[in-house]
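Asks: These protein sequence lines are chains A, B, C and D, in that order. Numbering-wise (full-length UniProt numbering), the first sequence opens with residue 1 and increments by one. Numbering-wise (full-length UniProt numbering), the second sequence opens with residue 1 and increments by one. Numbering-wise (full-length UniProt numbering), the third sequence opens with residue 1 and increments by one. Numbering-wise (full-length UniProt numbering), the fourth sequence opens with residue 1 and increments by one.
Calculated from the structure, these hints are not laboratory results. It should be emphasised that the depicted structure is a prediction, and the values quoted were computed from it without experimental measurement. Some clues are possibly wrong.
Because identical chains share one entry, a pair is satisfied inside a single copy or across any pair of copies.
[Claimed, not checked] Here are the simulated EDC-like cross-link-like pairs (lysine to aspartate or glutamate), alpha carbons at most 20 angstroms apart as the crow flies:
| hint | residue 1 | residue 2 |
| --- | --- | --- |
| 1 | LYS144 | ASP345 |
| 2 | LYS95 | GLU51 |
| 3 | LYS144 | ASP303 |
| 4 | LYS143 | ASP306 |
| 5 | LYS144 | ASP306 |
| 6 | LYS95 | ASP303 |
Read off the chains here:
Number of protein chains: 4
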Amino acid sequence: MQNLNVGLIGGGFMGKAHSLAYAAMPMFFWPAPAMPVRKTIAEATDQLAAEAARRFGFEQSTSDWRSVVEDPEIDVVDIATPNHLHAEIAIAAAKAGKHIISEKPLARTSQEAKAMYEAVKEAGVVHAVAFNYRRTPAVALAKKYIEEGAIGRILNFRGTYLQDWSADPNSPLSWRFQKSIAGSGALGDIATHVIDMARYLVGDFSQVNSILSTWIPERPLQAGGADALGTVRGSDGPRGDVDVDDEVMTMIRFSNGAVGSIEATRNAYGRNNFITFEIHGSEGSIVFNYERRDELQVCFASDQGDRRGFRTIYTGPVHPYGAALWPIPALGIGYGETKIIEAHDFFTAIAEGGTVSPNFADGYQIALIDDAIVQSAESDAWVDVQPAEL
Amino acid sequence: MQNLNVGLIGGGFMGKAHSLAYAAMPMFFWPAPAMPVRKTIAEATDQLAAEAARRFGFEQSTSDWRSVVEDPEIDVVDIATPNHLHAEIAIAAAKAGKHIISEKPLARTSQEAKAMYEAVKEAGVVHAVAFNYRRTPAVALAKKYIEEGAIGRILNFRGTYLQDWSADPNSPLSWRFQKSIAGSGALGDIATHVIDMARYLVGDFSQVNSILSTWIPERPLQAGGADALGTVRGSDGPRGDVDVDDEVMTMIRFSNGAVGSIEATRNAYGRNNFITFEIHGSEGSIVFNYERRDELQVCFASDQGDRRGFRTIYTGPVHPYGAALWPIPALGIGYGETKIIEAHDFFTAIAEGGTVSPNFADGYQIALIDDAIVQSAESDAWVDVQPAEL
Amino acid sequence: MQNLNVGLIGGGFMGKAHSLAYAAMPMFFWPAPAMPVRKTIAEATDQLAAEAARRFGFEQSTSDWRSVVEDPEIDVVDIATPNHLHAEIAIAAAKAGKHIISEKPLARTSQEAKAMYEAVKEAGVVHAVAFNYRRTPAVALAKKYIEEGAIGRILNFRGTYLQDWSADPNSPLSWRFQKSIAGSGALGDIATHVIDMARYLVGDFSQVNSILSTWIPERPLQAGGADALGTVRGSDGPRGDVDVDDEVMTMIRFSNGAVGSIEATRNAYGRNNFITFEIHGSEGSIVFNYERRDELQVCFASDQGDRRGFRTIYTGPVHPYGAALWPIPALGIGYGETKIIEAHDFFTAIAEGGTVSPNFADGYQIALIDDAIVQSAESDAWVDVQPAEL
Amino acid sequence: MQNLNVGLIGGGFMGKAHSLAYAAMPMFFWPAPAMPVRKTIAEATDQLAAEAARRFGFEQSTSDWRSVVEDPEIDVVDIATPNHLHAEIAIAAAKAGKHIISEKPLARTSQEAKAMYEAVKEAGVVHAVAFNYRRTPAVALAKKYIEEGAIGRILNFRGTYLQDWSADPNSPLSWRFQKSIAGSGALGDIATHVIDMARYLVGDFSQVNSILSTWIPERPLQAGGADALGTVRGSDGPRGDVDVDDEVMTMIRFSNGAVGSIEATRNAYGRNNFITFEIHGSEGSIVFNYERRDELQVCFASDQGDRRGFRTIYTGPVHPYGAALWPIPALGIGYGETKIIEAHDFFTAIAEGGTVSPNFADGYQIALIDDAIVQSAESDAWVDVQPAEL
């Protein structure tokens with residue numbers, strides 16, 4: 001079991017989640033595919049970096065992310081920054097021959113994503129993009145059922161990602177509302193998770209037809225650059241323009257003939273991390289809601305008529321990833337577990353010299369889907385999704 | 001309290017539901033707006049009609065629906081036939097000066113619907129179309145909250161109507177799969193209920209963008225003309241073509257700036273009468289699921305931050321219609337109650353010389369929305385909804 | 001199909017529910033076992049009775065219940081009065097040779113219940129007690145599964161009946177809080193429904209061990225005698241003593257070795273008609289909640305390990321009573337349907353010269369269980385349930 | 001921020017959970033009360049211990065737990081062994097002046113528990129018992145609501161802990177079915193968690209009245225001593241006697257006048273980690289289900305009548321522990337988080353020289369409650385709970 005040295009860029013919420021994953025992965029998956037060593041963490045200042053190192057268990061720290069990327073001792077670069085830095089860091093890391101995992105969305109634009117993909121392809125390194133929700137055991141179980149043919153041919157897919165943290169017009173103008181940093185709004189931030197699931201479970205997108213809405217056109221300026229997530233209602237003061245979407249709604253035609261729809265908004269009072277999908281097939285249906293993520297609901301047409309209905313499966317040791325997690329279903333799965341599983345799959349690909357999915361090709365394809373969604377919303381028309389040039 | 005003689009055309013599932021409503025309405029709403037008298041029922045043959053009269057408590061029966069319409073003793077004509085007969089009966093009844101309630105959808109086409117509307121307008125009679133689900137107390141409560149401003153300005157609407165009774169390719173080719181009788185498939189049969197709710201709760205439709213799908217293109221021919229609902233899986237034999245949609249998916253732009261989506265299918269295994277909507281407003285959210293129709297979920301942004309979440313309201317005596325129903329919430333509401341309330345509102349309009357909603361104007365407008373949905377699906381484009389010529 | 005003339009004593013909430021059942025039963029169950037004719041209704045005054053007759057569709061009315069019982073044209077006496085009148089009316093009706101259905105609980109005391117049972121046995125008439133909830137299709141389906149052995153040997157039963165209409169200390173001192181009229185509080189009023197279900201699904205009670213609690217010892221006096229159910233919070237004024245229980249909690253030993261518990265209270269804020277049970281067997285489990293009464297949840301141990309979980313069965317045409325009800329599951333079941341089914345089973349027994357369950361023997365046995373519960377609570381000890389002397 | 005060296009005894013499921021907690025606690029709670037250093041882990045053999053050290057991130061390992069207890073570098077001893085070793089290890093650790101956290105139940109018997117309590121009291125060390133479920137944020141929120149008086153005076157408590165991993169009669173005779181190792185069955189293993197919650201939320205127990213049942217009296221012998229949790233159905237071979245309970249059911253009288261009931265079983269098909277409680281107070285109700293642990297349901301009597309119902313609160317940054325966890329509710333909480341919080345509270349007590357709850361006094365009191373439950377089941381009578389001699 002080899003050690004692999006990790007350099008983590010970013011010590012915010014995502015830095016925390018990834019650090020947890022590196023510490024815990026071998027505890028859960030044993031023998032581990034490889035042992036992640038928390039080597040170096042980079043943050044904006046030396047002081048922030050030093051504090052992050054102590055907090056997250058890294059051996060050393062720096063305020064210069066380039067030094068991480070260039071450090072010959074580093075095997076893996078983990079990009080947990082705001083979106084506008086993903087491309088620059090990833091391309092530099094690829095050139096330095098590092099394996100790379102980047103937070104989602106892969107980039108602000110499909111051009112950036114394409115360049116990132118080309119860099120990792122050129123470098124021959126392992127690459128991954130952190131659409132972690134598909135690794136929820138219940139989602140992986142949905143995939144297994146579909147692959148086993150348990151619900152037959154897929155007819156349609158209906159997905160949502162609903163949150164409410166930006167519903168208050170007085171929540172601040174964080175970077176997530178600025179196109180120059182985020183690239184897009186709810187589309188890139190949250191809809192991409194559902195797009196990833198739809199591709200994973202149903203298949204390639206052929207066409208989209210979309211509406212983008214910005215419900216709150218200006219928000220209070222922030223003194224610092226802190227993430228707005230925890231901000232309380234009621235601040236006022238000078239305001240700046242929001243130039244990204246608050247909500248995206250799209251219809252989908254899949255290449256295999258299925259149809260679908262996705263809606264994502266961060267303005268849905270009462271919803272928190274309401275990632276849902278419902279899939280109907282010729283032989284059954286599958287329903288998932290991340291807010292109750294230990295559960296998957298599935299209906300099999302083949303069940304005896306007077307005993308047919310949705311079964312609520314609590315994922316556990318006999319389900320995907322379950323044997324590594326907890327000994328009893330419903331003990332249960334949290335956000336951390338999705339990241340631990342993600343780390344496992346990524347390190348497995350490195351250890352075995354393979355690939356992992358979703359990777360930069362997927363992130364690039366999703367960026368092209370995002371492009372099509374934006375273009376559709378602007379043109380009021382169905383738009384063909386361009387295939388990634390792989 | 002005047003007596004009003006009812007002539008009911010059709011003794012199937014809907015005839016049963018309406019007969020129940022006439023018998024029970026004064027038991028629930030007392031004093032009743034008027035006393036419905038079950039005078040005459042019409043069915044296909046004398047024998048069927050006689051049996052229906054005894055079963056449903058009518059004084060007399062006939063196999064000639066025209067005799068009902070022309071009977072001077074009849075005050076109210078109730079149309080509970082398959083869709084292709086709605087227009088002819090309604091226009092004849094209007095000419096005879098009868099008040100009319102018709103099952104939904106109002107007609108097979110907007111042309112028929114327009115003619116029906118013009119006939120009742122000309123005749124000056126009270127007219128209603130039986131989109132009963134908006135009368136579920138929980139839906140009426142949603143309307144009340146919205147009118148009180150409890151969720152602020154509406155941003156979006158997401159509705160579904162999912163069933164599974166036609167998911168089996170061996171379920172027979174009933175009239176509901178034949179355009180000449182039904183007009184359309186899931187669109188007219190079930191999506192119209194959700195369209196009615198969306199108009200009721202959000203407002204006028206401006207544009208639609210839609211996909212229609214037919215998943216099962218042929219089905220076994222039926223010996224008789226009986227409704228397919230109860231048919232078991234597994235029949236085979238000669239098959240005929242399905243020329244209507246199995247599923248409709250549409251995006252909506254409302255006139256007031258809100259956006260929305262509706263999906264309806266009768267091929268969703270595990271769903272039975274899954275009529276749902278979720279509405280997000282600037283000050284809260286509302287969620288409804290008819291499969292748990294005693295409940296309405298509502299989230300108020302104004303709730304104290306650490307105590308905010310969806311409230312599950314069980315509708316009861318203090319909610320719309322509740323005082324007339326049962327003394328305790330959750331005793332609870334069934335399909336019959338929606339029809340009893342519908343009868344109450346219809347007879348109130350007659351007794352008071354007023355109007356009721358939804359009426360033929362609404363049914364006509366919904367037919368125009370259906371037209372736009374079909375046209376959008378055929379043209380792959382956003383289509384403006386034509387306003388009814390009232 | 002014979003006509004059977006019904007004399008109904010009592011025109012309150014229960015009078016309404018029973019009238020609905022008589023009107024609707026043949027509409028649902030066709031051919032009907034017999035045709036109920038709403039002949040005579042009795043209420044406290046001539047005026048109330050006349051109004052009730054018009055409202056509930058009875059041919060005639062009276063303020064003298066004895067005249068109903070003695071009327072040779074009456075075939076069936078339906079007792080829908082407060083509890084203190086059940087015994088006197090039932091015994092008189094039995095002596096007059098009428099078939100009898102009585103609301104629950106059968107009587108205030110086991111002595112009364114015994115006398116009632118002996119009267120109907122002596123008279124040889126058909127008798128029923130209106131524990132209607134066991135006729136909810138989902139409960140009947142639970143019974144069917146158990147009889148088919150689908151959950152194996154029953155290990156335990158856990159039931160509740162929770163309401164909140166008396167949680168407010170300012171809700172008035174209706175007859176339901178007075179032992180002289182009601183016999184007991186939550187015990188007789190609501191716990192008996194769950195006791196009936198436990199006997200129906202699990203079997204005979206052997207021993208009980210119980211706690212009775214009165215949380216609100218005095219309440220505002222009522223001017224009239226009206227039912228308190230709809231009363232709003234906040235009345236004050238002179239108060240009187242409550243001499244019945246607000247809550248009952250009991251453990252149960254069944255004769256077949258299973259164990260169980262039941263809790264019933266009318267002081268549970270947020271619960272409305274929360275009648276639930278969970279049954280675990282050696283081969284599966286069953287869960288029911290009347291607040292979502294269209295559904296039954298069942299888990300089969302024999303399901304493949306990675307696909308095992310509670311199935312949510314929406315009762316419909318293929319389930320008990322379903323073929324007579326509505327053509328699609330979840331259209332759905334309300335309180336009315338439980339009473340319509342109850343009427344069907346009662347009239348079937350009359351038409352076929354058979355018996356129906358639950359009947360006065362069951363009501364008598366449940367009264368003996370209530371006695372044991374009271375005695376246990378008073379003596380702080382396990383108490384043997386006395387078998388009814390049949 | 002001081003470092004505190006941890007010696008962990010036991011590298012099974014609980015060793016994993018505790019190791020995770022030590023690694024992650026400062027990542028979540030920052031600044032941390034103290035930095036846990038994973039110093040030494042003890043397992044049955046040198047090889048197992050060495051492997052556990054690598055897997056769980058400990059600096060060194062041993063097969064001799066006494067060497068851990070006696071090591072002067074060790075500050076904290078963590079007991080994650082089967083129950084029969086708790087007392088011996090804890091008493092030795094206390095004598096060596098170590099702070100101690102022990103898995104639950106504290107001991108096999110109240111005598112052992114008392115001796116453990118006396119040892120830590122004598123030593124003046126910080127002590128904790130790992131009833132982690134009370135640290136679920138939703139449970140902590142329930143506590144907060146109760147302390148704020150939001151549901152008024154508590155009337156009753158109804159709790160369950162239902163699992164199904166031992167429902168199969170062919171699941172093996174692990175140590176959890178052997179009194180000499182486990183002390184008791186479902187009572188000590190799982191019911192104690194609910195007893196802890198009941199004490200935490202409602203208060204002291206005064207009396208209990210109980211039934212203990214053993215549904216499967218013998219099980220297949222195990223070759224090894226491995227935990228049975230993951231065992232599949234269907235093994236056969238020689239069998240041994242089960243001498244502990246499969247199920248416990250108890251009624252409770254609390255010292256403050258409230259009443260309650262608890263049921264725990266590991267034979268409830270379809271239930272996994274179904275830890276639930278429902279509490280009714282004079283001003284509201286609270287409902288919790290660990291299988292949906294991100295949520296707490298609460299009903300406030302003071303809500304406006306037409307808007308009153310259970311609110312589903314997803315615990316997040318504004319709720320107990322939430323600010324340290326994840327930035328958005330429902331991201332969400334898993335088993336790991338409960339252990340991370342537990343570690344935080346324990347290390348806070350050490351750092352601040354305070355105490356933590358639940359501690360050995362609580363574990364000792366719960367053992368006395370268990371004694372009363374056993375005695376009640378044996379004597380068929382209410383039994384007074386003896387107060388711990390503190």
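Asks: Hints first: check each against the structure and report whether it holds.
Replies: Going down the list of hints, with the structure as the test:
no., hint, verdict
1, LYS144 <-> ASP345, "within (16 angstroms within a copy, 40 angstroms between copies)"
2, LYS95 <-> GLU51, "neither (29 angstroms within a copy, 37 angstroms between copies)"
3, LYS144 <-> ASP303, "both (18 angstroms within a copy, 17 angstroms between copies)"
4, LYS143 <-> ASP306, "between (27 angstroms within a copy, 13 angstroms between copies)"
5, LYS144 <-> ASP306, "between (26 angstroms within a copy, 11 angstroms between copies)"
6, LYS95 <-> ASP303, "neither (54 angstroms within a copy, 52 angstroms between copies)"
Of the numbered hints stated above, those contradicted by the structure are hints 2 and 6, listed in ascending order.
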